[in-house]
Each structure stands twice: as C-alpha cells, then as structure tokens.
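Engineer: Sequence:
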Amino acid sequence: MTDDQQATDALQRCHSGDVEALGVLFGLFGDRVYRLCFHVLGSQADAEDAAQEVFLRVFAKAGTFAGRSQVSTWIHRLTVNFCLNQLKSRKRKSTTSLEAIPQADPTTLVDGSGQLEQTETVAIVRDVLARMPEEARAIFLLREVDDLSYREISEILGLPAGTVMSRLSRARDKFRQLAAGSATDLGVMKE
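Here the sequence shown stands for residues 1 to 191, where the numbers follow this note's numbering.
Honestly, I wouldn't trust all of these hints.
[To be verified] So the derived label-pair ranges between C-beta atoms look like this:
1) T163 <-> R68: 16 to 22 Å
2) Q6 <-> S149: 17 to 23 Å
3) D173 <-> N81: 23 to 29 Å
[As the list claims (entries may be wrong)] Here are the simulated DSSO-like pairs of lysine-lysine, each with C-alpha atoms no more than 27 Å apart in a straight line:
4) K174 <-> K91
5) K174 <-> K61
6) K61 <-> K88
These are calculated hints, taken from the structure and not from any lab test.
Heads up, the beta-carbon is just placed ideally off N, CA and C, and yes, glycines get one too.
With the hints as extra help, turn the sequences into a complete structure.
Structural biologist: Pasting the structure below:
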C-alpha cells in the first residue's frame, strides 16, 4: 500500500472515529506539519502546539475531505490556514512573548569553525521571515523549505498556479530586500 493509499484509508477511519488512524496520519505527516508550523510561527513551543491542533482538526474534519487532492495536500492546507490564523491572532493581541523570540545557545556562538557566522545567518533569516507579509511567507516556505511544486502550492492555497508563481517571485524579491537590510543593520555584510 502506498503512502497516499495508506493516508486515504487512515483519513476514512478517522471519519469513523478510529483514533488509532490519527496516529497513522501523524506518522506519515507529523514531521512535515511540525516543520511548516515552526517555519511560519517561529518558535518551537508554538510549532508543537500548532501541530497538535492541526492533527486534532484533521480528526475532526476528516469527513470534509472531498478527495479532489491528495491527503497530504489537504493536511498542508489545514496547516497553512491554521498557522496564518495564529499569526493574525498574534497581531490582534500585539504582544510578543519571550518564548516567541528565537534564542541562540551561547555555548555554540564561537567555536572557531564559522559557527558565529552560521548563527548570524539563522538570526537574519528568522528576522526576515518574521517581517514578511503572511501570505508571502507561506508561499516562500512552501516552495523553498518544503520544496513543494507550484501545483501543490496552488492546491494548498487555492490559487491558480500562475498566481503562485508571480507571488513567489514577489516573495523572493521581498526576502532578498529584507535580508539585505537586516544584514546591513547587523553589520555582517561581506565586502
């Protein structure tokens, strides 16, 4: 049985109330969902909470899966929508918890092998992603981090493939623009 067949079967079993089937889906997609949540939300704690909530929603909404796409695409869409709603909720509250601020491990900052530069790069990328508009960040992460095709992103976001391509181009431009500004602000631009 292929992963897609296994996922479809597990989703149907979830719709029938089989909690063990949710474990099958978690085994198939848990890592991808967590990574996407982490990249969109920016903190480990938020990503863990979001991933759990996404799988609870998968179980609760299993009956709404129409079969017009793969189960993985449907779960990705639930994940993106949930994370974007979380970001909107954060904006309304307009407070940042200390937990949401990425922290570097001070023991790894300087070891003579370029670790400091890598830590600075990670900080710049996180800062840039946090400042990108939500939809641009989602498209950028789905393509550049999750390595999804334009068609898959199109299905997840419910947009035509041409729109995904043009928005991805603008998202990449925005990323480059913000990254250049962040690197200059931190004084780490190479000459």
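Engineer: Now look at each hint and say whether the structure bears it out.
Structural biologist: Taking the hints in turn, this is what the structure says about them:
| no. | hint | verdict |
| --- | --- | --- |
| 1 | T163 <-> R68: 16 to 22 Å | holds, 19 Å |
| 2 | Q6 <-> S149: 17 to 23 Å | holds, 21 Å |
| 3 | D173 <-> N81: 23 to 29 Å | holds, 25 Å |
| 4 | K174 <-> K91 | holds, 20 Å |
| 5 | K174 <-> K61 | violated, 35 Å |
| 6 | K61 <-> K88 | holds, 22 Å |
In this structure, the one hint that does not hold is number 5.
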